Amino acid sequence: MKLELTAAQRAARAEFRAFAAAEILPHAGRWDREAALPRTVIDALRERRYLGSNVPVEHGGVGRDMIDYGLLTEEIARGCSSVRSLLTVHDMVAHAVLRWGSPAQRQRWLPALARGEVLAALALSEPNAGSDAKSVETIAVDAGDGWVLDGRKKWTTFGQLAGLFLVLAQCDGQPTAFLVERESPGLAVRPLQGVWGTRASMLAELTFAGCRVPRESLLGRIGFGLSHVVAAALEHGRYSVAWGAVGIGQACLDACRRYTAERRQFGVPLADHQLIRRMLTDMIVDVRAARLLCLRAGWLRDQRDPGAFMETMAAKYFASTMAVRAANDAVQIHGANGVSDDYPVGRYLRDAKVTEIIEGSTQIQQITLPLFDFQEL
Amino acid sequence: MDGMDATQIKIKEFLSRFFKSHDLQPDEDIFALGFVNSLLAMQLVAFVEKEFGIQVEDADLDLDNFRSIRAISSLVARKTGAPAPA
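Quick note, the sequences are listed as chains A and B, same order. Heads up, the first sequence is in my numbering, so the first residue is 48 and it goes up one at a time. Heads up, the second sequence is in my numbering, so the first residue is 11 and it goes up one at a time.
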């Protein structure tokens, strides 16, 4: 048993960290205030091949393994959770196409997704269907030469930019997945404003009104859209979000190290106050523990081990709740500065809260994890 | 596990983690027994892929391929080119 990164993995992490320091960190606060990512950062991700980076070489990708992918995600999130969200949703769709796409679908979409030529988004949640995904109300009807979709999707992360949507709809009452292009007739995309977490993740609301898509838009089989196709996407998303939460935790620690060294109260730096050190200790240990859970999940995912499902869920549960604790303490340590735009910790708290909601809420993990564990007894 | 081949025994061992109090028989319908939930679906795919070195494709997404120990072993046999199970 050797619990350390290889030289290649450390080098990859250094590359990701340098990228985030140069291209993301200096701008993240502004992107958050503007509630949008500029084209430049997306182009930079594309040029570095950071989008769809798990797509294997034979499908036009760079074939990054799960550990490298995790390290990338942490470093990106350490800079900006909205950029991390782009990686998450894009890669979720790429993963679902890789896992359940037909040879023709893989050939058509994977090279484009791996090169970032097309951005992808998951259109799952609806006004009346969140955690209860099997109850989506969007319907798909077999129209002979294709499918006709009717319904509404909400909270579609990067829906404002995506050219391809993975859509869950009911087909004869059975959850079924479709790949829907943005230009499909009958699909309208409306920006969704006013969110206060991962604010630059450019959410959209989608309306399908007699939206016609070709026969080959069906991804997987009828009735397997949630249990297999979307489940595969969500499993990948949980892994990505878990690492993203580690990135937030590390960013909180970075900010608090700086602040507690500089800020003086009662004649000494904050770091000399024992109650501040206690919060720093919790943060340090929590971040390290979450990272270890993520590494374990990533290793199992690379082995294609069935146990990866539980480990990924455990990692996401711990990391997201950890990120909220860390960010909450980070704001507390910063005092009034913590709730001002002059410091990033308020953003970290808002972004951390989102990780507890997406890709399976904390409560969904709490009712599901024991079921996994009992299987192993 | 009388009458089961090595593949079927492995499948039964895996499924038994989910159905602890039930002695699952080769032809029992795991869907009809109410044992399949969303946790099992993806884990079952991952299990057969890793254990038997096959790739479950979208074309294999048919409940009849996963309905029983014998159905799953037949899928494995088809994908590996092994003789169909008894």
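Just so you know, the hints here were simulated from the structure itself, not pulled from any lab data. Accuracy of the hints is not assured; some may be wrong.
A short, non-exhaustive set of chain A residues, derived as facing chain B with CB atoms under 8 Å [as the list claims (entries may be wrong)]:
#, residue
1, Ser149
2, Ala151
3, Phe271
4, Ser274
5, Glu282
6, Pro316
7, Ala318
8, Trp346
9, Asp352
10, Phe356
11, Gln413
12, Leu416
13, Pro417
Here are a few chain B residues that sit away from chain A, every Cβ distance over 10 Å (derived from the structure) [said to hold, decoys possible]:
#, residue
14, Pro36
15, Ala51
16, Thr90
All values derive from a computational prediction rather than experimental measurement. Just so it is clear, CB atoms sit at the ideal spot from N, CA and C, and this is done for glycine as well.
Against the structure, the hints:
no. : hint   : verdict
1   : Ser149 : 6 Å, holds
2   : Ala151 : 11 Å, violated
3   : Phe271 : 5 Å, holds
4   : Ser274 : 4 Å, holds
5   : Glu282 : 7 Å, holds
6   : Pro316 : 49 Å, violated
7   : Ala318 : 45 Å, violated
8   : Trp346 : 14 Å, violated
9   : Asp352 : 6 Å, holds
10  : Phe356 : 6 Å, holds
11  : Gln413 : 14 Å, violated
12  : Leu416 : 10 Å, violated
13  : Pro417 : 11 Å, violated
14  : Pro36  : 21 Å, holds
15  : Ala51  : 4 Å, violated
16  : Thr90  : 16 Å, holds
Consistency note: the structure conflicts with the earlier hints numbered 2, 6, 7, 8, 11, 12, 13 and 15.
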